[in-house]
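Participant: Protein chains in written order, with the UniProt record's numbering: chain A, 1 to 343; chain B, 1 to 343; chain C, 1 to 343; chain D, 1 to 343.
Hints are supplied without guarantee of correctness; some may be wrong.
Copies of the same chain look alike in the list, so a pair counts if it fits in one copy or across any two.
[To be verified] Pairs of lysine to any residue residues, derived as SDA-like cross-links and limited to a Cα-Cα distance of at most 20 Å, are as follows:
1. K217 with F50
2. K72 with R39
3. K217 with P227
4. K72 with W18
5. K72 with D10
6. K161 with P74
7. K161 with V337
8. K161 with P27
9. K72 with A15
10. K161 with P75
11. K72 with G22
12. K217 with H49
13. K217 with R259
14. K217 with D317
15. K72 with E7
16. K217 with N287
No lab work stands behind these hints: they were computed from the structure.
Protein chains: 4
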Amino acid sequence: MTADPYEAIDALGAAPLWRYYGNLFPPEPVTAAVPFLWRYDALRPYMLHFAEALSLQEAERRVLMLVNPGLKEPPATVDNLYAGIQIILPGETAQAHRHSANAFRFIIEGEGAYTTVNGERVHMHPGDFLLTPGWHWHDHSHEGQGPMMWLDGLDYPLVNKMEAAFFELLGERLQTPTVPDDQSQRLFIHGRLTPRWLHRIGAASPIGNYPWAETEKAFEAIGDSVPGSPVDGIVLEYTNPWTGGPVMPTMSCRISRLRPGFSGQPFRHTASTIFHVVRGHGITRVNGVDLHWGPHDVFAVPGWSVYRHENLATDEDAVLFHYSDEPAQQALGLYRVDDRPFR
Amino acid sequence: MTADPYEAIDALGAAPLWRYYGNLFPPEPVTAAVPFLWRYDALRPYMLHFAEALSLQEAERRVLMLVNPGLKEPPATVDNLYAGIQIILPGETAQAHRHSANAFRFIIEGEGAYTTVNGERVHMHPGDFLLTPGWHWHDHSHEGQGPMMWLDGLDYPLVNKMEAAFFELLGERLQTPTVPDDQSQRLFIHGRLTPRWLHRIGAASPIGNYPWAETEKAFEAIGDSVPGSPVDGIVLEYTNPWTGGPVMPTMSCRISRLRPGFSGQPFRHTASTIFHVVRGHGITRVNGVDLHWGPHDVFAVPGWSVYRHENLATDEDAVLFHYSDEPAQQALGLYRVDDRPFR
Amino acid sequence: MTADPYEAIDALGAAPLWRYYGNLFPPEPVTAAVPFLWRYDALRPYMLHFAEALSLQEAERRVLMLVNPGLKEPPATVDNLYAGIQIILPGETAQAHRHSANAFRFIIEGEGAYTTVNGERVHMHPGDFLLTPGWHWHDHSHEGQGPMMWLDGLDYPLVNKMEAAFFELLGERLQTPTVPDDQSQRLFIHGRLTPRWLHRIGAASPIGNYPWAETEKAFEAIGDSVPGSPVDGIVLEYTNPWTGGPVMPTMSCRISRLRPGFSGQPFRHTASTIFHVVRGHGITRVNGVDLHWGPHDVFAVPGWSVYRHENLATDEDAVLFHYSDEPAQQALGLYRVDDRPFR
Amino acid sequence: MTADPYEAIDALGAAPLWRYYGNLFPPEPVTAAVPFLWRYDALRPYMLHFAEALSLQEAERRVLMLVNPGLKEPPATVDNLYAGIQIILPGETAQAHRHSANAFRFIIEGEGAYTTVNGERVHMHPGDFLLTPGWHWHDHSHEGQGPMMWLDGLDYPLVNKMEAAFFELLGERLQTPTVPDDQSQRLFIHGRLTPRWLHRIGAASPIGNYPWAETEKAFEAIGDSVPGSPVDGIVLEYTNPWTGGPVMPTMSCRISRLRPGFSGQPFRHTASTIFHVVRGHGITRVNGVDLHWGPHDVFAVPGWSVYRHENLATDEDAVLFHYSDEPAQQALGLYRVDDRPFR
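So here's chain A without its partners, still in its complex pose (with noise of 0.2 Å):
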C-alpha cells in the first residue's frame, strides 16, 4: 500500500465515490443554462451588416448562434438544442450539406428563398416551419428581393453530447431537384388525409414544410371555443403524419396563441425550451426573472427553471412558436412534470 491511497488509486484510474456523490447525485436537476433573451430588434442591424462583410462562400451559413450565457462552450441555447438566425440575400446559394443532427427553420421575414431538402425545393414564407431531419441533405438558395431571414433550431448540443455526430458536403453546390417544388406540403397538408401509395421512410415527418397559412386557419378554427392550456394557451404540436407523435425523434415543435390578457398558470417541467415570438407583446417570468419579448425575439427557459406566460395586450393575441426537448426525455425514461402547486 502506496502512503496516500487515494493517489495510488488515481494512478490506476480509479476515483473515490464518496468525495463526488453530491455533485453526481444532486437532489434536482443543476443546469449552467439561465433564463436569457434575445432581443431581433438589437440583432437584425448585426444580420444585415455581416450579410455586406461576409460572403456565403466563406461562410457556408451565415447564422448567428444564440449563446446561453451559461453555456459558451460548447455554445448551445439551452441544454440540448440550439437557435440560431440566419440571414440569405438575393442571388446568394448556401452549400448542400447533411448532418446528423435534426434541423428546422422557422421563418421570420423575406420572400423568394427556398431550401432543397433530399431533391426537394421547399419555399419559405413568414411563419412557415420547415423540416430538415437528420441527415437529409440541404442547400438554400434565394431568388426574392431584399434579405431573407429566419430561425434555425437544432439538436446539435444533444446529438454531440451522445457521441452521434455525422457531417458530410455533396460533392456539388446544390442539389439537383428530383420531384416537384414543394410536394411534400402538397401531399400531406390537408385535413388529415395520408397518401396511402407512400411509406414511411426514417423516423422524421416526410413534410418538407407546414405553411403558415395552415397555422392561422387553425388559430382560426378553433378560436375561442375550448380554454386550452391553462400554462401555455391554444398551444398545437406540428407532427409527423406516419405516427401522430413530433416532427423528429428528439424534439418537439409546437405553437402557441395566447389570447388578449392571457395570464398563465405557472408550471415546471425537465425539458428545456427556446420560444420564438411570432407576434405579440408579453412577459415570460422564468425562476423569478421577467423576460419581456416583442415580435420575432427568442428566449431561453432552462429544464426545470418555473415560468410562466403573460400576454401584455388586452387586445391582441401573443402567438409564441417554441421546441423543446421533450421527446428525448420521453423516450428515455426521464421527462418529469412538478406536479405540486406552485403559491
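On the provided structure of chain A, position chains B, C and D as indicated by the hints.
Facilitator: Same frame as chain A, now just chains B, C and D:
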C-alpha cells in the same frame, strides 16, 4: 366398441377431422360473397317511399341494408363489413343509442342534419365523412329542408362474428350537447397540428367529421404532380391524428381520385372492400365480372378477388370512397397481398 | 313503385334494417356455443381404434375434432377456436403441409415423436407446449414406442371467418431438417436471455417447444408466496421473447395452477376459452352448468359466460392449460371484461 | 454600428456560427474518451483498504469509480455510462436512497449480502445481475462472511447531461421489506412464462435478479450448436419480460461467451460500451490499442471505436458482461453501425 365408431364419437361430441379436411383448410380463401353493385338511382325512390311510409319512431333507423346476394344470413355487404343507405326527413330525430360496432357515415345528399356523438353535434354536408366509433352514443336530427341521405358503414358482421356485440339505448331520445357544435373538426382538421392540452382516449380518431372541403382541397393540392397508386390512383386514407393510422381499429377508410381515362392495374388482397361512387362513371372488373358504376352507386369487392378500376370518362375525374377490413386482418397477422403478376 | 316495396328492394339487393335490428345489434354477445366437456377416458378408446383402422396416408392427420354441440357447421370448439386430439403410432409419419391458421400442440401422452417445423425437429414430451405458427411448414414423425397423443389447438375458425385461409402441401412427405434438433428451445428457453445475433421474423414466437420441465419449475419457484389471480390461480402466459406478448397474434396460451381447495371468483369476459386438464380433478361452473373434470379432459367456456373454477382435491394441485382469442379481440378493440360484481 | 461587430453581438448573447462550424459539426463522432482497462487485481487491495479505513456511515456508498482518463470532469467511464466497484463488509448497511439514474449491479465476489429494492430483498451471488431502475428505493445489507464486491453500472452521465437528475434519501436507513425475499426472480425467471395477474409498471424490467445459474444454463443449452455473432460470440441480452426489450430504457446489458480461440471480426457502432470480464483471458483491440484482460477486469470501448475481441485460451471459454447506451441512441434515432468492411 359400438358397432359404428363414427356414431359413437359423435355422441361424445367428437368428429373425424379427416372427413372435413379440405373444407376447413382450403388452398385459398373461400367466400360466399359475390361481386355486386347497388344502383343508387334504383334504390332512391324506395328510400323516399319508406321515408313517407315508415316513421322513425317505428324504425329507430330508416336504412336500406345493401345485402350481398351471397351473404344473406346473417346479412352483410362483404364478409366483415356492412353498408346501408339511411334517410331522414326534416323535423325527424333518431333515437340515441350506442353499440360496440364501429360506424361511420359518408354523406350523399341533403343539408341541415346533424348527428350528435358523445355530446358533440356534428353537421353533415355532401361528401363529409363522419365517425361514430364503437360504444359512442349517437342520435340524429334533421333541421334542414328536403330529405337527407347518407351511406352508413359498419363492422357489425365482424363484431358479431367475434362475439363482442353490445348495444344500449339511452334513457332519453336525444343527447344534450356538452361541447360546442363541430368542435372536434375545428380542433383537429388543419395542417397536421394537434392540440396538446388534449389526450388520446380510446382506439379511434377523436374527429367527428372529415369535411368534403378538405378532401377536395387535398385532391387539388396533389393534382397531377405524382402518379399515385397504379391500382387505386390518388388514394388517400382518413387518419387518426393520435396515431397516423386508420380512423378505427377494424376499418380502413379511403378516398381515391381516378384521373380521366385511368385504367388501373389488376390487384388482389385478402381484405374485403366496399366502394361508394362520389362522382364519375366507370367500370370495376372483379374476378371477370364488370361492374358499371355511376354517381352514388355502391359496389362490393370480396376479399381475394382480382379487381381493376377504369374511369370511363376521358375528361372527368372519378372519385371513389372505399373502406375495407385491412386493419383487422393486419392486426391479426392475416393480411396478404397477391404479389404474382396478373396477365 | 311496385305493389310490394319490400319485394322490390329485395330484387335490388337491399333489405330493411328495421326488420333485422335486434338480431344484428343484441344487447350482449349471443353465441350458439354451449359449455361442454369432452371426457378423455371416453374418447381414448376411439383414438386407439382409429389409429388401427385408418392409416395416416388416408387421413393426412388422424384427429378427433372436439365439436361444440352448438357449433357444428362449420365445426368449432368455441367461437373462434378449435381443439382436437391427435394420435400417431410408432413408425408413422404425417405429411408436411402449411396453412395460414396458427396451431399449437399440448402433449398428453407418449414419448419418441417429433414435429418438424420450418426445418427444425421439435421433440415432444408430456406437458410440452409446441408451436406451429401460421404458414410454417410442419410434419410429424414417431420413432418411439406406443401411441403418442396430444391436444391440437388452432384458430382456423377465426382465420376462415376472416377469409384469410391458405393451405399448401409440400412436394415431399417430410421436410429435410435444416438446423439442429430442438434448437429454438435451447436458444430461447432460459432466464429471459435473448440471443442478439438473431432478429425477429414475423409476428409469432420463434420457440418451437416450451417444455413441461420449465413449467413445473415455474410453479415450484412461485410456490405459495403470492396469491395469484382470484379467478385463475397461479396463471402464467407462454410469451413471445421478442415482444413479451402472446406466442401468436390470435391466441393467448396460459397455464394455471389451482391450489388444493382453490375456489375461484366468478368472472366473465368476451374471450372464448378452451381448457385442458393437465392434472387434478375439479368443477368449473359455466353459466350455471357444472362441468366435472379430470385428467386430460377438455372443456369449453364460451365468451361472455360466467365461469368459476374449483379444485375438488384438498391435498393436490389441479393444473389447467387454456387458450383463448383474447389477443384477437384486444387487437380489434373489442375485448371487454364484466367488472360488475357477481353474486 | 460599433467599431467591432463581433464584440457587439457578443454583448447581445450572439456568436458567429462560421467561426465554430467544424467543431460543432464534425465529420464523425469525436470523443474525449479513450480505450482503457482497469485491472481488478490492482484495484482490489485498495477496495479492501478503504473498506477498513472508511465507514459506510461516512461514505454512504463505498465505491471506486472507474474514471476514463479522457472523461475526468465530470467523471465517467464512457460518454454516457459509468462503472464502479463497490465493497461492503459483513454487518454493514448502506443508506436507502433513490435517484432518477438507472443502476444495476453485477456481482464479482462474496456471499450473504442483499439489496432491498422497492421493498424486495434481493440476494446476491457471484455472476448475478441485479437491477435498480430509476427512482426505485434501494439500500444494501451484508449478513454473510468476508467482503462482498460488485460492479455498479449507472447511466448518471447521460441522466445528468439530459438535465433530469433527481435524488432523494429515505427517512430511515433501511427499507422495511414488503414482499417475500427474491420474489420477482421467482415470478419471472423461468421458460418465458409471465404471471398474468400482474401488470407492467414503468419502463423497466420488474426482475430484481437475473441469477448466474440461469446464465450458465443458457450457455450450456446453446453450446456449440450455433455460430453466434462473428463480433461478439454467443451474445445474450438480459430482457424485460413485459416488452422483450432491454431491461432499462437507456442501457442494453448483455453477456457474451467467446469460445476457446475465438477471434472476432472488427466492428464499430456509435454506442459506447463497458466490458467486465466474468472469466477467461483475452485481448480486445480498440482503435489499434490492445487491452489485455483477465478475470474481473473492466475495460472501456468508446463509441465509434473499431474493436475486435480475442479469446487467448484455446481450451477455455472467456465470458464478458457488457453494457452500452445503444437503446438510448436507438430511441433518439441516432444509432449507427459502420457497415463498411474493415481490413
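Participant: Next, verify each hint and record whether it holds.
Facilitator: Here is what the structure says about each hint:
| no. | hint | in the structure |
| --- | --- | --- |
| 1 | K217 with F50 | neither (36 Å within a copy, 42 Å between copies) |
| 2 | K72 with R39 | within (18 Å within a copy, 37 Å between copies) |
| 3 | K217 with P227 | within (18 Å within a copy, 29 Å between copies) |
| 4 | K72 with W18 | between (30 Å within a copy, 15 Å between copies) |
| 5 | K72 with D10 | between (30 Å within a copy, 11 Å between copies) |
| 6 | K161 with P74 | both (10 Å within a copy, 13 Å between copies) |
| 7 | K161 with V337 | between (23 Å within a copy, 18 Å between copies) |
| 8 | K161 with P27 | between (22 Å within a copy, 15 Å between copies) |
| 9 | K72 with A15 | between (28 Å within a copy, 10 Å between copies) |
| 10 | K161 with P75 | both (12 Å within a copy, 14 Å between copies) |
| 11 | K72 with G22 | between (24 Å within a copy, 16 Å between copies) |
| 12 | K217 with H49 | neither (36 Å within a copy, 43 Å between copies) |
| 13 | K217 with R259 | within (16 Å within a copy, 29 Å between copies) |
| 14 | K217 with D317 | within (15 Å within a copy, 28 Å between copies) |
| 15 | K72 with E7 | between (33 Å within a copy, 15 Å between copies) |
| 16 | K217 with N287 | neither (34 Å within a copy, 46 Å between copies) |
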